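J.: Here's the letter readout for the chains.
Protein chains: 2
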Amino acid sequence: MYTYRLVLLGFGAVGQGFARLLRDKADDLRVRYQFGAQIVGVYTRRASLFDPTGLDTSALLHAAQGGGLSAYPGSPKLRRDLDAAAMIAHPEADTLILATPTDLADPGPAVAQVKRAFQAGKNVITVNKAPIATAYPELSALAKDAGLFFGYEGVVMGGTPAVRLAQEALAGSRISEIRGVINGTTNYMLSRMEAGASYAEALAEAQAKGYAETDPTADVEGYDAAGKLIILIALLFGQTLRLDQMDCHGITEIGPQAIAEASAAGERWKLIASARLTDGKVEASVKPIRLPLSDPLAGVEGIMNAVTYVTEEMGGVTLTGAGAGGVPTGFAVLSDLLALHRKRLAGAG
Amino acid sequence: MYTYRLVLLGFGAVGQGFARLLRDKADDLRVRYQFGAQIVGVYTRRASLFDPTGLDTSALLHAAQGGGLSAYPGSPKLRRDLDAAAMIAHPEADTLILATPTDLADPGPAVAQVKRAFQAGKNVITVNKAPIATAYPELSALAKDAGLFFGYEGVVMGGTPAVRLAQEALAGSRISEIRGVINGTTNYMLSRMEAGASYAEALAEAQAKGYAETDPTADVEGYDAAGKLIILIALLFGQTLRLDQMDCHGITEIGPQAIAEASAAGERWKLIASARLTDGKVEASVKPIRLPLSDPLAGVEGIMNAVTYVTEEMGGVTLTGAGAGGVPTGFAVLSDLLALHRKRLAGAG
Numbered sequence: 001m002y003t004y005r006l007v008l009l010g011f012g013a014v015g016q017g018f019a020r021l022l023r024d025k026a027d028d029l030r031v032r033y034q035f036g037a038q039i040v041g042v043y044t045r046r047a048s049l050f051d052p053t054g055l056d057t058s059a060l061l062h063a064a065q066g067g068g069l070s071a072y073p074g075s076p077k078l079r080r081d082l083d084a085a086a087m088i089a090h091p092e093a094d095t096l097i098l099a100t101p102t103d104l105a106d107p108g109p110a111v112a113q114v115k116r117a118f119q120a121g122k123n124v125i126t127v128n129k130a131p132i133a134t135a136y137p138e139l140s141a142l143a144k145d146a147g148l149f150f151g152y153e154g155v156v157m158g159g160t161p162a163v164r165l166a167q168e169a170l171a172g173s174r175i176s177e178i179r180g181v182i183n184g185t186t187n188y189m190l191s192r193m194e195a196g197a198s199y200a201e202a203l204a205e206a207q208a209k210g211y212a213e214t215d216p217t218a219d220v221e222g223y224d225a226a227g228k229l230i231i232l233i234a235l236l237f238g239q240t241l242r243l244d245q246m247d248c249h250g251i252t253e254i255g256p257q258a259i260a261e262a263s264a265a266g267e268r269w270k271l272i273a274s275a276r277l278t279d280g281k282v283e284a285s286v287k288p289i290r291l292p293l294s295d296p297l298a299g300v301e302g303i304m305n306a307v308t309y310v311t312e313e314m315g316g317v318t319l320t321g322a323g324a325g326g327v328p329t330g331f332a333v334l335s336d337l338l339a340l341h342r343k344r345l346a347g348a349g
Numbered sequence: 001m002y003t004y005r006l007v008l009l010g011f012g013a014v015g016q017g018f019a020r021l022l023r024d025k026a027d028d029l030r031v032r033y034q035f036g037a038q039i040v041g042v043y044t045r046r047a048s049l050f051d052p053t054g055l056d057t058s059a060l061l062h063a064a065q066g067g068g069l070s071a072y073p074g075s076p077k078l079r080r081d082l083d084a085a086a087m088i089a090h091p092e093a094d095t096l097i098l099a100t101p102t103d104l105a106d107p108g109p110a111v112a113q114v115k116r117a118f119q120a121g122k123n124v125i126t127v128n129k130a131p132i133a134t135a136y137p138e139l140s141a142l143a144k145d146a147g148l149f150f151g152y153e154g155v156v157m158g159g160t161p162a163v164r165l166a167q168e169a170l171a172g173s174r175i176s177e178i179r180g181v182i183n184g185t186t187n188y189m190l191s192r193m194e195a196g197a198s199y200a201e202a203l204a205e206a207q208a209k210g211y212a213e214t215d216p217t218a219d220v221e222g223y224d225a226a227g228k229l230i231i232l233i234a235l236l237f238g239q240t241l242r243l244d245q246m247d248c249h250g251i252t253e254i255g256p257q258a259i260a261e262a263s264a265a266g267e268r269w270k271l272i273a274s275a276r277l278t279d280g281k282v283e284a285s286v287k288p289i290r291l292p293l294s295d296p297l298a299g300v301e302g303i304m305n306a307v308t309y310v311t312e313e314m315g316g317v318t319l320t321g322a323g324a325g326g327v328p329t330g331f332a333v334l335s336d337l338l339a340l341h342r343k344r345l346a347g348a349g
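In order, the protein sequence lines correspond to chains A and B.
With the first letter of the first sequence counted as 1, position 293 gets the number 293 in the numbering used here; the numbers rise by one all the way through.
With the first letter of the second sequence counted as 1, position 313 gets the number 313 in the numbering used here; the numbers rise by one all the way through.
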């Protein structure tokens with residue numbers, strides 16, 4: 001039995017989803033894995049809470065869903081004055097959970113927080129995509145040199161374990177190509193258009209359901225998918241690409257006629273993010289493609305996500321699952337913690 | 001760098017596929033994972049080869065594809081007189097690869113070999129399904145108590161990492177239901193019948209392509225899928241079921257009219273193996289089901305396999321890939337060895 005002592009930066013949908021899982025599954029995790037975890041610190045833009053004896057998860061969730069974290073009740077050892085840097089390096093914590101919103105236009109602060117944590121001897125689990133998209137090679141080398149754990153399952157496809165599948169379960173194989181349906185919003189819209197909706201209707205429905213933003217540019221122009229593809233390329237091909245280094249087309253030019261033509265040919269339009277590694281060089285693109293129904297990506301419906309890894313040894317291996325959501329992505333954090341725990345147990349054995 | 005010293009029992013398609021991967025990827029595996037492996041022993045019904053300095057993989061493959069392993073050339077330390085038991089327990093080997101054919105009617109010998117290996121302090125990787133289908137709880141407890149590795153990725157869906165996905169990548173979640181398309185032969189036949197073939201034509205095609213046996217009973221009556229489901233239940237629900245404890249129907253009653261009716265309703269017939277865990281009780285069945293196209297299993301084509309794990313935290317997670325084949329299943333053995341290696345590295349770190 002080992003109890004991890006966690007500091008959370010950010011406490012939005014993912015942070016809260018994770019806290020809820022930790023609370024509800026505490027007994028189960030102790031019995032099945034001899035695993036325990038305490039949240040000792042939570043830092044958001046509006047509140048700072050630190051208690052070396054452990055914060056009360058239910059009270060945290062209650063405060064976050066009510067008047068905000070500043071309403072968290074006092075206790076003898078509670079401090080409300082630590083800044084993020086002090087919390088990251090605090091000797092009473094061993095693992096940083098970086099659950100702040102991704103800001104790819106300004107990744108510096110998030111990257112600096114990850115570095116600070118490694119320098120202070122802490123493990124890091126990030127669901128913030130910025131450190132992975134912009135500085136993965138450097139950060140993973142830092143973690144390795146310091147003998148620390150670096151987890152990032154939540155940066156792609158929420159809790160669906162696309163990263164661990166590639167890096168652990170397919171270890172030993174050579175992934176030569178990645179192909180994915182990794183933007184739920186556009187996939188939902190394409191599914192609706194197949195059912196007869198116009199582009200405008202499909203977009204309005206996606207917005208009404210909260211899948212698309214008021215300004216849908218990032219989704220419908222393919223930039224969100226491209227950002228996720230950049231992360232997969234960093235993690236699986238070890239290369240840092242920029243958005244301007246790939247072909248990026250969205251779904252804005254797909255209309256009812258294109259949909260009908262595909263359907264008549266027994267095919268389906270999907271917004272496909274793909275990257276191929278040839279002689280150490282990566283070719284990447286995001287664009288709508290007509291897939292035959294025999295392609296496992298053709299069947300991905302609505303807001304589901306899927307990724308196919310093409311390997312030399314086994315052909316294509318496809319993983320399909322939820323691509324987002326607070327609890328699924330919170331589960332990715334828990335999944336990373338359990339991977340850290342497996343390593344610790346192996347080390348003790 | 002650590003070099004594993006392997007004894008292979010069985011050297012058919014899977015053993016040879018594994019040996020080929022080991023030979024072709026040796027440099028790559030050394031550079032990427034500081035991993036090495038030597039085959040020190042091979043035992044089949046017709047031949048016994050043991051060389052503590054390592055057998056020559058190319059010569060083994062050459063002999064196996066030519067006149068048989070007994071044609072393997074001599075060398076100073078080569079022995080041809082060891083029986084299986086002596087080879088399993090040999091002090092110059094550290095890991096047993098059990099790649100003998102599965103005999104579910106008589107699982108005793110394979111189970112005994114796994115036990116003997118653990119008693120002698122060896123790691124075990126099995127692609128023989130019998131020990132997992134009939135004695136998984138006992139054998140995994142033996143491995144755990146002895147601090148040894150027990151790998152079995154190859155017993156389900158060939159090299160497609162269905163086991164590692166469930167046991168590692170989804171660790172921390174509760175899998176409440178398993179649903180799979182896990183018999184490639186019947187799935188191929190259903191795909192062909194959708195394309196207009198009759199049942200008899202589809203079967204004849206499957207036989208011509210080598211997907212179906214001359215006596216296709218095990219496939220078309222659902223017994224093969226049921227056997228695989230029993231393994232998934234053992235691994236993921238920890239319970240040992242027998243074939244007579246589940247509903248098992250095949251595809252023999254699916255004709256052109258049923259196919260046409262499903263198609264008209266926008267659905268597809270699939271032979272679905274499913275198991276649900278409710279309050280510690282497992283309900284399992286194999287039967288043809290009409291799936292809506294929105295089900296990720298509906299899109300699984302031809303001889304591909306797929307499995308959906310239904311989890312509380314993330315809904316369904318579906319893995320699709322090749323279900324059989326010498327090289328893919330050989331890859332499962334390599335994948336297990338690399339998992340053993342990750343544990344060893346964590347232990348040394």
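No lab work stands behind these hints: they were computed from the structure.
In this text the structure is predicted, and so the values were computed from the model without any measurement.
Treat the hints with caution; some may be incorrect.
Cross-link-like lysine-lysine pairs, in silico, DSS-like; alpha carbons within 27 Å at most [said to hold, decoys possible]:
1) 25/A <-> 77/A
2) 281/A <-> 25/A
3) 281/A <-> 25/B
4) 343/B <-> 343/A
5) 287/A <-> 209/A
6) 144/B <-> 115/B
7) 115/A <-> 287/A
8) 209/B <-> 287/B
9) 144/A <-> 343/B
10) 144/A <-> 25/B
11) 144/B <-> 343/A
12) 209/B <-> 25/A
13) 144/B <-> 287/B
14) 343/A <-> 144/A
15) 115/A <-> 144/A
16) 343/B <-> 115/B
17) 25/A <-> 77/B
18) 25/B <-> 343/B
19) 25/A <-> 144/A
20) 343/A <-> 25/B
21) 25/B <-> 144/B
22) 281/B <-> 343/B
23) 25/B <-> 25/A
J.: Run every hint past the structure and note whether it holds.
T.: Checked hints:
no., hint, in the structure
1, 25/A <-> 77/A, "holds (26 Å)"
2, 281/A <-> 25/A, "violated (44 Å)"
3, 281/A <-> 25/B, "holds (21 Å)"
4, 343/B <-> 343/A, "holds (7 Å)"
5, 287/A <-> 209/A, "holds (24 Å)"
6, 144/B <-> 115/B, "holds (12 Å)"
7, 115/A <-> 287/A, "violated (35 Å)"
8, 209/B <-> 287/B, "holds (24 Å)"
9, 144/A <-> 343/B, "holds (16 Å)"
10, 144/A <-> 25/B, "holds (24 Å)"
11, 144/B <-> 343/A, "holds (16 Å)"
12, 209/B <-> 25/A, "violated (49 Å)"
13, 144/B <-> 287/B, "violated (36 Å)"
14, 343/A <-> 144/A, "holds (13 Å)"
15, 115/A <-> 144/A, "holds (12 Å)"
16, 343/B <-> 115/B, "holds (21 Å)"
17, 25/A <-> 77/B, "violated (56 Å)"
18, 25/B <-> 343/B, "holds (21 Å)"
19, 25/A <-> 144/A, "violated (30 Å)"
20, 343/A <-> 25/B, "holds (26 Å)"
21, 25/B <-> 144/B, "violated (30 Å)"
22, 281/B <-> 343/B, "violated (33 Å)"
23, 25/B <-> 25/A, "violated (41 Å)"
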